[in-house]
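Participant: Residue numbers (numbering that gives the first Met the number 0), protein chains in the order written: chain C, 0 to 96; chain U, 0 to 493; chain B, 0 to 493.
These aren't lab readings, by the way, just hints derived from the structure by calculation.
Just so it is clear, CB atoms sit at the ideal spot from N, CA and C, and this is done for glycine as well.
A hint or two may mislead.
Stated by the list, open to error - Pair by pair, the computed Cβ-Cβ distance ranges are:
| hint | chain 1 | residue 1 | chain 2 | residue 2 | range |
| --- | --- | --- | --- | --- | --- |
| 1 | C | R12 | U | P172 | 32 to 38 Å |
| 2 | U | G125 | B | S368 | 23 to 29 Å |
| 3 | U | L313 | C | Q41 | 44 to 50 Å |
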Amino acid sequence: MPITRDEVAHLARLSRLALSDEELDHLAPQLDQIIASVAQVQEVAADGIPPTTHATGLTNVFRADEPVSCLTPEQALSGAPAVELQRFKVPRILVEE
Amino acid sequence: MTVTYEEALQKYEPVFGLETHVELGTLTKMFCGCITTFGAEPNTHTCPVCLGLPGSLPVVNERAIEYTIKIGLALNCSIAAWCRFARKNYFYPDMPKNFQISQYDEPLCTDGYLDVAVGGKTVRVGIERVHLEEDTGKSLHVGGATGRIQGAEYSLVDYNRAGIPLVEIVTKPVPGTRFLAPEVAKAYVTELRDVLRSLDVSDVRMEEGSMRCDVNTSISLIGSATWGTRTETKNVNSLRSVERAVRSEIERQAWVLDEGGRVIQETRHFHEDTGVTTSGRSKEEAQDYRYFPEPDLVPVAPDADWVESIRASLPELPSARRARLIESWSLSELDFEALRNARALDAVEATVAAGASPADARKWWLSELARRANDSGTEVSELPITPADVARVAALVAAGTLNDQLARQVIEAVLDGEGTPDEVVAARSLAVVSDDSALLAAIDEAIAANQDVVAKIRDGRVQAAGVLVGAVMKATRGKADAARVKDLVLERLA
Amino acid sequence: MSELITKTAAELAAAVSAGEVSAAEVTQVHLDRIAAVDDRVKAFLHVNPEDALAQARDVDRRRAAGEPIGALAGVPVAVKDLFATVGAPATCGSKILEGWYPPYESTVTRRLRDAGAVLIGKTNMDEFAMGSSTENSGFGPSHNPWNLAKVPGGSSGGSAAAVAAYEAPLALGTDTGGSIRQPAAVCGIVGVKPTYGGNSRYGVVAFASSLDTPGPFGRTVLDAALLHEAMSGHDPMDSTSIDAPVPPVVEAARHGDVAGLRIGIVSEFSGEGYQPGVMTRFTEAVELLESLGAKVTEISCPHFKYALPAYYLIAPSEVSSNLARFDGMRYGLRAGGGSAEEVMAASRAAGFGAEVKRRIMLGTYALSSGYYDAYYGKAQQVRTLIIRDFDNAFSQVDVLISPPTPTTAFDIGERADDPMAMYLADLCTIPSNLAGNAAISVPTGLAPEDGLPTGLQVMAPPLADDRLYRVAAAVEAAFTERRGHPLLAEAKGL
Numbered sequence: 000m001p002i003t004r005d006e007v008a009h010l011a012r013l014s015r016l017a018l019s020d021e022e023l024d025h026l027a028p029q030l031d032q033i034i035a036s037v038a039q040v041q042e043v044a045a046d047g048i049p050p051t052t053h054a055t056g057l058t059n060v061f062r063a064d065e066p067v068s069c070l071t072p073e074q075a076l077s078g079a080p081a082v083e084l085q086r087f088k089v090p091r092i093l094v095e096e
Numbered sequence: 000m001t002v003t004y005e006e007a008l009q010k011y012e013p014v015f016g017l018e019t020h021v022e023l024g025t026l027t028k029m030f031c032g033c034i035t036t037f038g039a040e041p042n043t044h045t046c047p048v049c050l051g052l053p054g055s056l057p058v059v060n061e062r063a064i065e066y067t068i069k070i071g072l073a074l075n076c077s078i079a080a081w082c083r084f085a086r087k088n089y090f091y092p093d094m095p096k097n098f099q100i101s102q103y104d105e106p107l108c109t110d111g112y113l114d115v116a117v118g119g120k121t122v123r124v125g126i127e128r129v130h131l132e133e134d135t136g137k138s139l140h141v142g143g144a145t146g147r148i149q150g151a152e153y154s155l156v157d158y159n160r161a162g163i164p165l166v167e168i169v170t171k172p173v174p175g176t177r178f179l180a181p182e183v184a185k186a187y188v189t190e191l192r193d194v195l196r197s198l199d200v201s202d203v204r205m206e207e208g209s210m211r212c213d214v215n216t217s218i219s220l221i222g223s224a225t226w227g228t229r230t231e232t233k234n235v236n237s238l239r240s241v242e243r244a245v246r247s248e249i250e251r252q253a254w255v256l257d258e259g260g261r262v263i264q265e266t267r268h269f270h271e272d273t274g275v276t277t278s279g280r281s282k283e284e285a286q287d288y289r290y291f292p293e294p295d296l297v298p299v300a301p302d303a304d305w306v307e308s309i310r311a312s313l314p315e316l317p318s319a320r321r322a323r324l325i326e327s328w329s330l331s332e333l334d335f336e337a338l339r340n341a342r343a344l345d346a347v348e349a350t351v352a353a354g355a356s357p358a359d360a361r362k363w364w365l366s367e368l369a370r371r372a373n374d375s376g377t378e379v380s381e382l383p384i385t386p387a388d389v390a391r392v393a394a395l396v397a398a399g400t401l402n403d404q405l406a407r408q409v410i411e412a413v414l415d416g417e418g419t420p421d422e423v424v425a426a427r428s429l430a431v432v433s434d435d436s437a438l439l440a441a442i443d444e445a446i447a448a449n450q451d452v453v454a455k456i457r458d459g460r461v462q463a464a465g466v467l468v469g470a471v472m473k474a475t476r477g478k479a480d481a482a483r484v485k486d487l488v489l490e491r492l493a
Numbered sequence: 000m001s002e003l004i005t006k007t008a009a010e011l012a013a014a015v016s017a018g019e020v021s022a023a024e025v026t027q028v029h030l031d032r033i034a035a036v037d038d039r040v041k042a043f044l045h046v047n048p049e050d051a052l053a054q055a056r057d058v059d060r061r062r063a064a065g066e067p068i069g070a071l072a073g074v075p076v077a078v079k080d081l082f083a084t085v086g087a088p089a090t091c092g093s094k095i096l097e098g099w100y101p102p103y104e105s106t107v108t109r110r111l112r113d114a115g116a117v118l119i120g121k122t123n124m125d126e127f128a129m130g131s132s133t134e135n136s137g138f139g140p141s142h143n144p145w146n147l148a149k150v151p152g153g154s155s156g157g158s159a160a161a162v163a164a165y166e167a168p169l170a171l172g173t174d175t176g177g178s179i180r181q182p183a184a185v186c187g188i189v190g191v192k193p194t195y196g197g198n199s200r201y202g203v204v205a206f207a208s209s210l211d212t213p214g215p216f217g218r219t220v221l222d223a224a225l226l227h228e229a230m231s232g233h234d235p236m237d238s239t240s241i242d243a244p245v246p247p248v249v250e251a252a253r254h255g256d257v258a259g260l261r262i263g264i265v266s267e268f269s270g271e272g273y274q275p276g277v278m279t280r281f282t283e284a285v286e287l288l289e290s291l292g293a294k295v296t297e298i299s300c301p302h303f304k305y306a307l308p309a310y311y312l313i314a315p316s317e318v319s320s321n322l323a324r325f326d327g328m329r330y331g332l333r334a335g336g337g338s339a340e341e342v343m344a345a346s347r348a349a350g351f352g353a354e355v356k357r358r359i360m361l362g363t364y365a366l367s368s369g370y371y372d373a374y375y376g377k378a379q380q381v382r383t384l385i386i387r388d389f390d391n392a393f394s395q396v397d398v399l400i401s402p403p404t405p406t407t408a409f410d411i412g413e414r415a416d417d418p419m420a421m422y423l424a425d426l427c428t429i430p431s432n433l434a435g436n437a438a439i440s441v442p443t444g445l446a447p448e449d450g451l452p453t454g455l456q457v458m459a460p461p462l463a464d465d466r467l468y469r470v471a472a473a474v475e476a477a478f479t480e481r482r483g484h485p486l487l488a489e490a491k492g493l
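The task is simple: from the sequences and hints, build the whole structure.
Facilitator: Set out below in structure tokens:
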């Protein structure tokens, strides 16, 4: 099933990527081609085959509830584009979660 | 213009459900070793993991799993033999990774129940699931009028809270409660809070945000085969708000339907001041969180021995304790509620264990001591008097050594740090005068000083003896058994 | 060029330990080499000579004081810019992290520092490890020392080029779909993908969490083994790391031997799309192995032909989530104005390159509700089938072999805007990543048609990494003896 430019634009919005029209024009057909190719997996008969999400087979990896030293606020905030009152300053949020 | 609650319930059946988020009282966060204190300076308890710095990886806090299993068992759930964490993907500044590690289709606990008592009946609230996730950071919204997001110019984010373990407890929908829906909802949250407190897994303070409720409400015409469209109400920050939120949503939805409209599936915001909800985010375009199993964590498979040892460590749950105490102390529901609301259950039980009768124990803790606790803004359990002390005072009264008034003085003195009850009695010579002859002198004085009263008594008005008794009590500074004094007075005058 | 830079890491470590040469001198000659050639090779993104010399002088000081100095003391190691190293930037080859200095260190680099290695600089890479040529780097491609017009492979192309150009004897890379093995093959050096979980991903910026494996580059099999051993081992900060002893890779590298070994040729890795010269050298390697006493058969792994599409569903899905954190709120590039939502979208659009954008959108698509089962879900089932193919194969043979990549180094620019063509470079390497197996690429010779290097890929079951080194050492020794000199001596690009 081919993917349309509009659908690609929707994916860009979902992924928080403000693509330009030129980018969309360029990327959409490439994505279409890639999706058509990866859809090959659907040819594989896999009824009853369990999916593998973790190759190691490990389970129950835990840590004890004991404190470990953490970053200083300066370290935590180093690299922050904007800081105020020892907090990360971010632009106004439109939609409340 | 509006519909009253009573009117709404004539036509409609309410169904509600609750999602409760509880911050676990572990020492450290869910996936890292940062400590979980409340109220610290911003961004002082963060590390690469809870900040979601590139390259960081989560590691599961074992105690959080233990606490969640404990909660699941207390809520009569099945514990998963094998489950995974999942990523819930969405963009939001208080989430450092722009995904939350949570659980999706494999929660740790499923299919339980919690019985709540309302209006003398028991309602069984089904529990759909209990799962674990990480909490988000906290934002200050700056520039708007109310400090809320709407109208803010920018926000300031503190990630101290990011990564604190959060348990989400979701009920199955609760139908069939009719008029009592708001009360049942509140009773459920209250009982849940008490269960969690008894498990010692969280301090469950709604006012501090360590327990948060979202309420789902829907209504349908009575007799309808299907349920109505439900709304989700957030910002329900107290027990009272739970009740008010359910009530106001039922009224609002009834009004919408009566006007021929349609209830929109949406998220609503509860306002403490007005008691009503306003529209928030529309859930019609349901957000797709693109859940997939968390690849940085391996599955959790709690072994049966571990689960059983957790089960064995469960304390007596509130409902079991309540049933036991009501029966063994012959209490009414109201009596029990009074004890529970005063948070005096432990003290009273301990006092009974120390030898007092349940009635005496209750009397002291609910009157004098509850009052003192209230005045000093503390819990009864924090007062500087032990249950053993209270039992001793009750014993002294039963033995006739103290009367009620003296007993009260002893209690006050113990609270003020003068010593044990026996020490106080000795030091202040507070014992009741039990020697009749000592009393007779005071009685004769009172008789002599109150001839008019004596005349009334002789006239048949026996109640007037109270004045003489009062005078004797005053003369002996309360150290007399009032009943005995009265008997003696009447004998004297006979 | 100084003789010292042609020495192997093993030789340098021995010389420093014996006091024959100072760590400072070793570091200086490599810094000189970098200064001499890197303007053409462009292997490095950041070199801080003062810092490197300070590390080296510290090794010398400790050696002089008789303190223990570690197995790699004084040996320069180039580090892919995906690893968090304190005091140096970690851009991950992306404009979105340009100038980001991580406030913490990765476990692997910390272990190398503890082993006395000198971290000489951070190398160029395809952006966030997505690519097979370094052309997706936000800072320009690296160049193959064999022929500067050719790609050095990717995504760890900078690390491979650095080692092939004698700028450092050892380098760190990561292999998610072939990103160590393929560059090693096209640069004529040794590259290893250790068992997944065999070394720590803590501090390695995540691309595809269930596939990413840090690993070593060296000019010889023994050198790669020394680095492999020094970096590997369980890490409690990484939940997916395996708690088992590091396989005896150094021991195996010193004792190359294939007599009696059962070797399987993966029949699916040949035919159309495979450069004739690559197949010629591969066939020659098979004959060599037989002459050395191995029993070589053909094994079919029928699901391997679905490995590429499965990989290009699983990896983008995981990366679409892993890269969500790059939004300009806490670190990295912040671009644009308006709301948080707008700034996030503008920052990501400005900071990410085309391939990253493609894969993020592909991943978002594959995880979307309604598509999950057919794409991501199906791909994980294919993954199980591929693992079963490996299990079946390894029940019959001890190792599997194939060419490491279908062609020799292609021209810079040739496949740059043709993602499907670029993906084909990973055909032979991807299955091992999906299964979490260990695999190596060891140089065999030059393809006759273009005089560019190719190699032999050997694959082993998880935790059988030592088998790789045993086979590779035997092949290396035999070919070097035939040739009379190391393959790299024929590189004429510089």
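Participant: Which of the numbered hints above does this structure break?
Facilitator: Per hint list: zero violations.
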